[in-house]
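K.L.:
Just so you know, the sequences run in chain order A and B. Note that our numbering gives residue 1184 to position 69 of the first sequence, counting from 1, and the numbers run on in steps of one. Note that our numbering gives residue 1207 to position 92 of the second sequence, counting from 1, and the numbers run on in steps of one.
These are calculated hints, taken from the structure and not from any lab test. Do not take every clue at face value.
As the list makes no split between identical chains, a pair holds if one copy fits it or if it spans any two.
Below, a list of computed lysine to any residue pairs in the SDA-like style, where the Cα atoms sit at most 25 Å apart [what the hints assert, rightly or not]:
| id | residue 1 | residue 2 |
| --- | --- | --- |
| 1 | 1127 | 1155 |
| 2 | 1150 | 1122 |
| 3 | 1120 | 1151 |
| 4 | 1120 | 1154 |
| 5 | 1127 | 1154 |
| 6 | 1120 | 1156 |
| 7 | 1150 | 1173 |
| 8 | 1150 | 1192 |
| 9 | 1205 | 1151 |
| 10 | 1150 | 1178 |
| 11 | 1150 | 1125 |
| 12 | 1150 | 1123 |
| 13 | 1150 | 1181 |
| 14 | 1120 | 1150 |
| 15 | 1150 | 1193 |
| 16 | 1127 | 1152 |
| 17 | 1120 | 1162 |
| 18 | 1120 | 1160 |
| 19 | 1127 | 1153 |
| 20 | 1120 | 1182 |
| 21 | 1150 | 1194 |
| 22 | 1120 | 1180 |
Spelled out, the chains give:
Protein chains: 2
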Amino acid sequence: MAVEKLSESERKNWLSALDGWSMASDRDAIERTFKFADFSEAWAFMSRVALLAERHDHHPEWSNVYNTVEIALTTHDADGLSQRDVEMAKAINAL
Amino acid sequence: MAVEKLSESERKNWLSALDGWSMASDRDAIERTFKFADFSEAWAFMSRVALLAERHDHHPEWSNVYNTVEIALTTHDADGLSQRDVEMAKAINAL
């Protein structure tokens, strides 16, 4: 089943409701940076995001440097942002 | 205690012995890309690297997109490559 790309109005509405997330400057993706006290805390967070990713069957593009985790969400099947990214961002924010 | 940067001859010797690692193009770091069957396998590998990082008290700069893990190692305290990066790369290769 194809995943539908979000329309302009949909993405404006969703993005304003997604605390901390912003549009990537160079592609159709949303991103957020998370800071923690140290690597151990950052890793604990990443472990929970990994479980969410498997549960949602939707995987982030992410990087980690010590206490910092950068997450980007986009939907390759939709060639851009879809409702799946919104759901994943909401689930991550709820952690 | 300050960490010493590797000399030119040291880094040449070590790098040739470190299977799969190469110098980063834009800074004094070594990097390697690992590919797995899927996210679950990539995450299992990352979990083991996270434990190594804590044991060595030396943390990678790394990113993950689904089944691919890119790892860069450098030593901020030495402003470049040190023996600590070599030890960590060897430990990762041994997984």
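K.L.:
If any of the earlier hints don't hold here, list their numbers in rising order.
P.N.:
The structure conflicts with hints 1, 2, 3, 5, 6, 11, 12, 14, 16, 17, 18 and 19, although it agrees with all the remaining ones.
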